[in-house]
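Visitor: Working from the sequences, and respecting the hints, build out all of it.
Number of protein chains: 2
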Amino acid sequence: MAKDFSTREENYSKWYNDIVQRAGLAENSAVRGCMVIKPYGYAIWEKMQAALDKMFKDTGHSNAYFPLFIPKSFFSREADHVEGFAKECAVVTHYRLKNAPDGRGVVVDETAKLEEELVIRPTSETIIWDTYRQWVQSYRDLPILVNQWANVVRWEMRTRMFLRTAEFLWQEGHTAHATKEEALEETYRMLDVYADFAENHMAIPVLKGIKSENERFAGALETFCIEALMQDGKALQAGTSHFLGQNFAKAFDVKFASKEGSLEYVWATSWGVSTRLVGALIMAHSDDNGLVLPPKLAPIQCVIVPIYKSREQYDQVCEKAREISDRLQEQGIRVKLDDRDTHKPGWKFNEYEFKGVPLRLVIGPRDVEKSTVELARRDTLEKQVLAMDRLTEVVPGLLEDIQKGLYQKALAFREENTREANSWEEFKEILDEKGGFIMAHWDGTAETEQKIKEETKATVRCIPLDDNKENGRCVYSGKPSERRVVFARAY
Amino acid sequence: MAKDFSTREENYSKWYNDIVQRAGLAENSAVRGCMVIKPYGYAIWEKMQAALDKMFKDTGHSNAYFPLFIPKSFFSREADHVEGFAKECAVVTHYRLKNAPDGRGVVVDETAKLEEELVIRPTSETIIWDTYRQWVQSYRDLPILVNQWANVVRWEMRTRMFLRTAEFLWQEGHTAHATKEEALEETYRMLDVYADFAENHMAIPVLKGIKSENERFAGALETFCIEALMQDGKALQAGTSHFLGQNFAKAFDVKFASKEGSLEYVWATSWGVSTRLVGALIMAHSDDNGLVLPPKLAPIQCVIVPIYKSREQYDQVCEKAREISDRLQEQGIRVKLDDRDTHKPGWKFNEYEFKGVPLRLVIGPRDVEKSTVELARRDTLEKQVLAMDRLTEVVPGLLEDIQKGLYQKALAFREENTREANSWEEFKEILDEKGGFIMAHWDGTAETEQKIKEETKATVRCIPLDDNKENGRCVYSGKPSERRVVFARAY
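Protein sequences, first through last, are from chains A and B.
The first sequence begins at 623 in my numbering and counts up by one.
The second sequence begins at 623 in my numbering and counts up by one.
Worth flagging that the hints you see were computed from the coordinates, not collected in a lab.
Do not rely on the hints blindly, as some may be mistaken.
If chains are identical, the list can't say which one is meant, so a pair holds when it fits in one copy or spans any two.
As the list claims (entries may be wrong) - No more than 27 Å apart at the CA atoms, straight line, and that leaves these computed lysine-lysine pairs for DSSO-like: (1) Lys669 x Lys918; (2) Lys735 x Lys1056; (3) Lys676 x Lys918; (4) Lys720 x Lys1075; (5) Lys679 x Lys918; (6) Lys735 x Lys709; (7) Lys679 x Lys669; (8) Lys992 x Lys830; (9) Lys931 x Lys1005.
Guide: So this is what it looks like as structure tokens:
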């Protein structure tokens, strides 16, 4: 077990950074706040993309691509939107460089100044709704169900790899509907898609809920979210689905002729998840031995490490290993046979353990003789010796077990770390001593939420989408409340 | 047949724009030179991406992601590179907007000026080689075989949808090698991958060759390319693979300890294709009835249009159509059943013909009775009536036929339009009267190429990668030449 990196106990934040770096997921770049996503980290994102993209298409959506640039004036059209995003925008002002007068390097060519500055998209509602105006005339043109995979930029001051970076990769769905009901239905549908993805692919249980006014997307009437709990007891917003009402249709004058012939503004939704999910995945499952990946998103599901002393043994063992690799691959399992002669087996064990590969097969000369193989699980670190011809039967089931096991473990953790607080003292005590989700009554006002945040750094993560009504009094203000909401400190 | 759009004969350029617009591939956006790629156009790009991505991975490459922004100073490190790209760069100078003093909209916050301006990547050699410096210590760290799918920006003054836009989507491979030979081998390998893709997926024959000095990538020692011929007799560069030598390794100080222990600069390649390929695809195959798509890249390979008068007929016909659709889909064919009651069959025929769907099945009440179906090919416009139960046997073969047929047609066109010119008069005559590829002797100098370009707008498209040596004299200067090269006017 690698011991030259932090444990969760010692320093959770350093533990996270160590995993990102040592597992080869990402690194900081020369550009402030922007990361390089390395091949292994990007491969996880590709698996996420593939699964989500299929879910989007299965629910009737198509992909499209809209410009990176947004004319500055578009931003001001929707008052809340500009308020929410103007303070963190990268702005393009010029379109040419020229040789510096002193001959050293290049400088901005001041004669190539844009008449109107362009903002790098922090999100694309404005440019997309400016486009939808051309696409919609009648109710027959609706709904529009479009998604975009893209990079966006938000000039964050404090950044952390995957969790908060100036540039990040995401998908943003933007849909247009004839009625409020349809738009709301879409908002819920995509929230369910995200919850399904988080639970069944990422193996992370999530709470579905509505955001408070303070945490609502700038320009939305209502923001729905999925909230996950990390191992340090902090919450992480893993996806949002916004009901935008007619705000953007009004800002960009997008109307349609209804069946009845009247001109109406179009109803909108938008929804997105980002590379932040890779951060959530790391923090939800990994342990003090490194990354732990759920099989569905693992770039390598099963690694095979040969053990040998002589060249002859190497050939024998590798031949058998290749046979096994081929057979598992035929079953659709992502296998890697690491037959490199430049690295020792022990180094390889550490490497793949640290990289969170769910299963490891080890084959040595005696295994070849006895037709056996040693099988190790990354999640429990359990090992077993198995007859080779049972592998194709055992491995798929084991991968499923690991997938389910990780989910169950994360669910149990969340349940252990969800507590009710019935007084302000209790609230602060739980927060400081245990963290986790706190179910507490709240008076529903932005003022109270703001004061709680100032005093404790905790915010309302969401108002859960369930029917658990219960009369009580706000833990902070003592005013009446109809239900408990979820508080936590959050990423 | 739709007649409210241009034919190739009447106005080739307008014909192209009409297809892009009417087939729903793309449209201009509110941002100068940037297009919106609409769902149908993007679906073609997704098919291209999927095929190329598999080819890259099959040749050992992984994907990664590097920052959108490049510090201005990085640009100046490689002299040719900055010369080639500085004049068309979008430059970020500020990172915040604020409310305008007069209360109308937002303005750039001058207090949020970047210390060093950031350039939006026009290509990523500089930021990537700055990163590779951290990745490479010894020969064991090589080769690095990485690809990136990304958006890039080049501030072009004259833009055309897909063919030349300020922002475009592409992939850029960036590899690092221990030896010159390995890097050259990689350069050729990826050129072959591109040629394979162009010919076997896009159904477009291409010439493989080397670029002249004038047309070489800024910073490369040698640029290899594939060149295709469009129906108006103009050439289109469809992909490039660059041998970068040690230029970027020297500019960013990327050295490795060789097996022998000496410190050496790393050898580099880069290679890319872009959404420009969608433009090539349109121009290579389409006709005066609209888009024609090769089956391998068609988002819909087979459309089914039901014909009916009564509700009862609709139900019967659609039931049968769904059966057929299911059966074809089981074979992996991309089928769309257009059972919308809001559009007439004639409208649908036009629509899918215009959108280039390779096969159309029509089912009416009499077909249901007789268990037949009408099958129409988009490429030849031929129709046949077929027994329903033969469909699963016939359709896959037909799609293959169409794929091959399009390639053969494009190949015949290129052969008819490749001509030798043996004098300057003949050169100009062919160029003005026929266009196409002109095989002519050239003295190999940049000066002569420049003069030919000024007088005729034709350039050396490539020096073909074949062994056809032949002594002759440059058509322009009369100086000796060892082989014919390919001239053409180009997109």
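Visitor: Does each hint hold? Answer for all of them.
Guide: Cross-check of the supplied hints:
Taking the shortest alpha-carbon separations for Lys669 and Lys918, both the intra-copy value of 8 Å and the inter-copy value of 24 Å come in at or below 27 Å. In the homo-oligomer, the alpha carbons of Lys735 and Lys1056 never lie at most 27 Å apart, since the shortest distance is 54 Å inside one protomer and 42 Å across protomers. Taking CA atoms no more than 27 Å apart as the test, Lys676 paired with Lys918 passes in both settings, with 14 Å inside one copy and 20 Å between copies. For a Cα distance limit of 27 Å, the shortest separation of Lys720 from Lys1075 across copies, 26 Å, qualifies, whereas the shortest one inside one copy, 49 Å, does not.
Taking the closest pair of Cα atoms, Lys679 and Lys918 come within 27 Å of each other both inside a single copy (19 Å) and across two copies (19 Å). In this assembly of identical chains, the alpha carbons of Lys735 and Lys709 lie at most 27 Å apart whether taken from the same copy (22 Å) or from different copies (13 Å). Taking the shortest Cα distances, Lys679 and Lys669 sit within 27 Å of each other both inside one copy (16 Å) and across copies (14 Å). When the C-alpha separation of Lys992 and Lys830 is checked against a cutoff of 27 Å, the pair qualifies neither within a copy, at 52 Å, nor between copies, at 54 Å.
For a Cα distance limit of 27 Å, the shortest separation of Lys931 from Lys1005 inside one copy, 22 Å, qualifies, whereas the shortest one across copies, 68 Å, does not.
Violated hints, in rising order: 2 and 8; the structure is consistent with all others.
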